[in-house]
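Just so you know, the protein sequences line up as chains A and B, in that order. Numbering-wise, the first sequence is residues 1 to 371 according to full-length UniProt numbering. Numbering-wise, the second sequence is residues 1 to 278 according to full-length UniProt numbering.
FYI, nobody ran anything at the bench for these hints, they're computed from the structure. In this text, all values refer to a predicted model and were calculated from it rather than measured experimentally. The beta-carbon is built from N, C-alpha and C at its ideal position, and this holds for glycine as well. Mixed in with the good hints there might be a few duds.
Here are some, though not all, of the chain B residues that point toward chain A, as calculated from beta-carbon distances under 7 Å [what the hints assert, rightly or not]:
id : residue
1  : Val93
2  : Ala123
3  : Leu133
4  : Met134
5  : Pro215
Once the Cα atoms are required to be at most 20 Å apart in a straight line, the calculated EDC-like pairs of lysine to aspartate or glutamate come out as [claimed, not checked]:
id : chain 1 : residue 1 : chain 2 : residue 2
6  : A       : Lys279    : A       : Asp332
7  : A       : Lys279    : A       : Asp343
8  : B       : Lys92     : A       : Glu55
9  : B       : Lys92     : A       : Glu105
10 : B       : Lys221    : B       : Asp170
11 : A       : Lys68     : A       : Asp38
12 : B       : Lys92     : B       : Glu208
13 : B       : Lys92     : A       : Asp38
14 : B       : Lys92     : B       : Glu171
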Amino acid sequence: MAVLIAGSAVRTCLGSGAETFDGLLRGACGVSPLRYGDPGQLNVAYGYHAGLDDELFRAGRLLAECLKEAVAQSGVDTETRRVAVLIGTGLRELSAVERLALTGETVSAGRLDFADVVAETLPGVTDVTTVVNACSAGGHVLALAQDLLELGECDAVVVAAADAMTRSMLAMIGRVAEEPTERVRPFDRERTGVLLGEGAAALVVVPETWDGPALGRVAATGLSCDAYHATAPDIEGIARAMSDAYTRAGRVPSEVDVVVAHATGTALNDPVECDALRKVVLGGGGNPLVTAVKGSTGHTSGSAALVNVDVALRIFASGEVPAVAGLTDPLDEGTGLRLVIGDAVAARPDLVQVNAFGFGGVNAVTLLERA
Amino acid sequence: MTGRERETRLLLTGWSLHLPGVEGFDGAPPEKAAAVLGRKGLLYKEPSTRLALCAVHRALGFEPGQRATGPIEAGTAVVACSNLGNVETVAKVTRAVEAEGGRAVSVLDAPNVSPNVVASTVALWFGFGGPNLMLCSGSTAGLAGLRMASLLLRSGRATRVVLVGAEPEDEIASILHDGPLRAGSACVILEPWREDSGHAVVDFEQGEAARTVGPGGFDVKEQWGDFYGAHGVVELALAAHLAVVEGEGRVGIGPRRPDGGPAVSVAVTDHSDEMGSP
Chain A
1 MAVLIAGSAV
11 RTCLGSGAET
21 FDGLLRGACG
31 VSPLRYGDPG
41 QLNVAYGYHA
51 GLDDELFRAG
61 RLLAECLKEA
71 VAQSGVDTET
81 RRVAVLIGTG
91 LRELSAVERL
101 ALTGETVSAG
111 RLDFADVVAE
121 TLPGVTDVTT
131 VVNACSAGGH
141 VLALAQDLLE
151 LGECDAVVVA
161 AADAMTRSML
171 AMIGRVAEEP
181 TERVRPFDRE
191 RTGVLLGEGA
201 AALVVVPETW
211 DGPALGRVAA
221 TGLSCDAYHA
231 TAPDIEGIAR
241 AMSDAYTRAG
251 RVPSEVDVVV
261 AHATGTALND
271 PVECDALRKV
281 VLGGGGNPLV
291 TAVKGSTGHT
301 SGSAALVNVD
311 VALRIFASGE
321 VPAVAGLTDP
331 LDEGTGLRLV
341 IGDAVAARPD
351 LVQVNAFGFG
361 GVNAVTLLER
371 A
Chain B
1 MTGRERETRL
11 LLTGWSLHLP
21 GVEGFDGAPP
31 EKAAAVLGRK
41 GLLYKEPSTR
51 LALCAVHRAL
61 GFEPGQRATG
71 PIEAGTAVVA
81 CSNLGNVETV
91 AKVTRAVEAE
101 GGRAVSVLDA
111 PNVSPNVVAS
121 TVALWFGFGG
131 PNLMLCSGST
141 AGLAGLRMAS
151 LLLRSGRATR
161 VVLVGAEPED
171 EIASILHDGP
181 LRAGSACVIL
191 EPWREDSGHA
201 VVDFEQGEAA
211 RTVGPGGFDV
221 KEQWGDFYGA
231 HGVVELALAA
241 HLAVVEGEGR
251 VGIGPRRPDG
261 GPAVSVAVTD
271 HSDEMGSP
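Just chain B, same shape as in the assembly (with noise of 0.2 Å):
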């Protein structure tokens, strides 16, 4: 391996998209959530939370209703991108505290009243212990989450990165976003660079790629809608998609950024073993 590959490439051994009402990636709407992950437990969670639970469950390659086992993965960080996860938890306990005073509001919305809890649940749901991150950086949060996941593995801060976006589509989410959002959640699951295993690299130097996800290719949000904070996670875990499962080699992701960024690419690794999406 040399240093340049530690720098530029990163193994992505899962994806998932999660998308309900999307042809192709259809996912339970937050409501029916329990048909993937269980019954248990989902009181009181929020849509968004619940759709990034659905998408690292896909992700992980579980079946439906099937639960973590065994210790706490202290070197799996998660990484979660969502801009409106709890907007409407906050404004619904708001509006209970000014119509009938704080005792109307439940405790168990405790957690959901720190935008964190997406991340944060994540982490207690599957038993991640490694650094645990909720960005929320507008339509950016994706590549951001990308770049922070990037920076776990090569600081050595943990061996794998469960990078996760949803976002809801509820009364005072679509308010504040001021545009049509649509209810969605990708995640892909990433870990340092390595030769012998996995199903695809995300590359960020830019290769010849057979497709391009994004302008110039198939746009997410014209085809399907505008995950906004999601955004990001969902063009990677379709080009993950695209590379491995339908055979294209290598997806671009967008144009170089305007600030100068990295574009990103996913390729099927030279050693894939595997071709199935998990």
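So that you can see chain A by itself, here it is in the shape it has in the complex (with noise of 0.2 Å):
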């Protein structure tokens, strides 16, 4: 059974959701220079920094908004209705541990997660979970949210994720990166590597009998583990999870007309998800478009995958598929598939992919219909 996505909010450092897609039709790369940490010592000199100066806590406070947003363009009642709310993240607030481990000032553990920002931002909720999935977090809730409707546990579930840069990430970025990337350039031959972006997003999700306005539709979210290796992608975990989503949404390949990428602008995951991509999209007949925010927005960890969920609704809104921001001379790998390139793309999709992948294989893939 499909469910309904009745609120969607994101912030990224583009902006709101609104701003961040007119931002990825223009092209617009939110890249500056780091601003939390020392470049030099690691090895990291940009991101894509959501606008907050306090180093603390930065992933909350985008989450609240977010939280507010989807939740008042839904309508939904979060003190009378039984709301779930599944928070996915990749690092939770762990810059307050680095702050420990550097300055001895602590905070409580239970500071760690968003269930404080969870009550404070929606008055009676109670069911909050904290799922730290990697930077697929978000695509992980939003299975687990469809699956609780679907059982008719919830009347809506709120599908958030939120993630802020830690030092300790940059640090293992910088040590992968043979100099420091100065942007993300997503399926690019000439592409350098990952840069952190901070972002939040969360999502409104009812049952097929809501009866108020509704800005798309999930199909199904299939899911899946590499058990492979410990940070390195691998096609075939990745495969399972889309053939998962497929056969989860009675869909098949050939009716896919967009795919939004995770598209890290990695060495690893790019030739891996392109070959996944040729495999079972194109190999079951399709032959959609590819586009990727990352080139704009930088990594929104566990937020990603919520933030291209949010692109893909404003696709179907809109009837544009932005390019591919930072991507001029596709890697091998992409040939054959139809990567947008230079600018915007008119398109009427009905089916669109979303997929994220994240560390210790992590996989998750959605799949979303016109409302």
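Take the two lone chains, each set in its own frame, and fit them into one complex as the hints suggest.
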């Protein structure tokens, strides 16, 4: 059973969901000099910052804005209806742990997740679960939300995700880069690696019996774990998530019109993602347009999947598929894929695939339909 | 099978309590995990990850040093519960960068700066290719894990769920927790309810229980210490032990939660053909 999206809100370095999509259509790049940590020490000189100055609890503040906006847009009353909240995140508020390590200033362990933020933002909600699933966390909580609604356990589910940068993750990005990356260039032959972006997103997901306005329909989300490598993605695991999504949705790859790819601009992700798309989608008779957002927004980690879902909803509404910012010369593995390069393309898709993959081989692939 | 049973019961086919220093359930501490898991592959594995691996190893009934072989099990999901599993690594890496720069950091710690390392390492070690969830929801993470495990089974996303809780006891974790923390892990193996096999049933409807684990009964926190994010899984595994091995029949877990969520019990199935701890 499909479920509907009754509200959606986003924060990225480019602003709100509408501002982010407008930036994507313009080919904007929100990169700026790194604001947290020492670029020389980290070997990371740039980031995609969401405009907050204080180093601590940025993820929670971005999350609160998205929660308020999405719930208000949906009109769901969180005080009287059975509403569960599922929060996905890659890094929680681990920057507070880093401050403790450097200064001795401590916080309660309870501040590391987002239960307090939800309690303060959405009155009456007591059912809050934090799922810490790396860069596909948003896709995972969306899958669980659909399960909760299909099994009749809730009237609505607020699905949200948020991430800010941590110095320890920045250090790992810098450690594996030959030289500091200046911007994210998804699927490009000259890509030099990933940069982190701060971001948050929230969706209000409701059953198909919902009688209010809807932004789109979630046909299904497929999940898998590679069980292959601690950090490197695997085509077989990714393909299983894609196939699971199509099976659960009762759709076939030949029906997909647009793919909003994960596309981190790294040496490891992009070739494997292209191979998996060729194997499952092209191999299944599909020939979709393929776009990606991280060249404009950076890698928003746990919120990346839900940012991509919001972009997909706006593609439905606008009839425009943004080009991949930073992409000029596609990698070899992209041969045969209709990557959107240069300018946005007019389209009226009925089925959009959203990819999300994370450290540890955790994969979530969502299929969205026009409402 | 009725719809009601489908909604409220899960089969519990294995469990373990791996609690270093706890009489009756003692397990290898993280630095001696090789005694359980074998030596290969433990380099740069964090204490919480090692504890989780040990608990799963024991719940699956593996011999010491035995490794999983064969193809990836796409039907087996992992739900891991831990709040402080990687905080010491995050602190260590941050301090190393500050003192010596990024080159002082090992790339082998790259997976460890992402908190889901516990869940994903269990999948990698044992070859579990189903959905993989890491829950960090404070002291109720274990109960949330049980709910998510139930969801994965009832939605058909998995035919088996490995629910594991593990928490370390290190300097950073203890400061953040603001109180005594005890290192330990536990695991339960869950499958959809069926009539013909298994040791025990997890029942979300409270029945008449011979004993209770938790407030009003055997209080794990009071007796053994605070396992924080692993607490709920420790209670589940202990209830399974009491129900099956100690012959209590049905063991309730805690009082009804304040939010009205389901109370849980573990009971011996009517059809158990084997009554030993796995």
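Cross-check of the supplied hints:
1. Taken as an interface hint, valine 93 (chain B) checks out: its beta carbon lies about 4 Å from the nearest beta carbon of chain A, inside 7 Å.
2. With a least beta-carbon distance of about 5 Å to chain A, the hint placing alanine 123 (chain B) at the interface is held under the 7 Å criterion.
3. The beta carbon of leucine 133 (chain B) comes within 6 Å of a beta carbon in chain A, closer than 7 Å, and the hint placing it at the interface holds.
4. A distance limit of 7 Å between C-beta atoms decides the matter here; for methionine 134 (chain B) the minimum to chain A is near 5 Å, and the interface restraint holds.
5. Interface restraint check: proline 215 (chain B) against chain A, minimum CB-CB distance 19 Å, threshold 7 Å, status violated.
6. The hinted pair formed by lysine 279 (chain A) and aspartate 332 (chain A) meets the criterion: a straight-line CA distance of about 15 Å does not exceed 20 Å.
7. For a cut-off of 20 Å, the pair hint linking lysine 279 (chain A) to aspartate 343 (chain A) is broken: about 27 Å separates their Cα positions.
8. With a C-alpha separation of about 19 Å, the suggested pairing of lysine 92 (chain B) with glutamate 55 (chain A) holds against the 20 Å cut-off.
9. Of the supplied pair hints, the one linking lysine 92 (chain B) and glutamate 105 (chain A) holds, its CA atoms being roughly 15 Å apart against a limit of 20 Å.
10. Proposed proximity of lysine 221 (chain B) and aspartate 170 (chain B) is supported: the alpha carbons are some 18 Å apart, at most 20 Å.
11. Between the alpha carbons of lysine 68 (chain A) and aspartate 38 (chain A) the distance comes to roughly 34 Å, so the proposed pair goes past 20 Å and is violated.
12. Between lysine 92 (chain B) and glutamate 208 (chain B), the direct Cα distance comes to roughly 49 Å. Violation of the 20 Å bound is thereby established for this hinted pair.
13. In summary, the hint linking lysine 92 (chain B) to aspartate 38 (chain A) is supported, as the alpha carbons are separated by about 17 Å, within the 20 Å threshold.
14. Between lysine 92 (chain B) and glutamate 171 (chain B), the direct Cα distance comes to roughly 11 Å. Compliance with the 20 Å bound is thereby established for this hinted pair.
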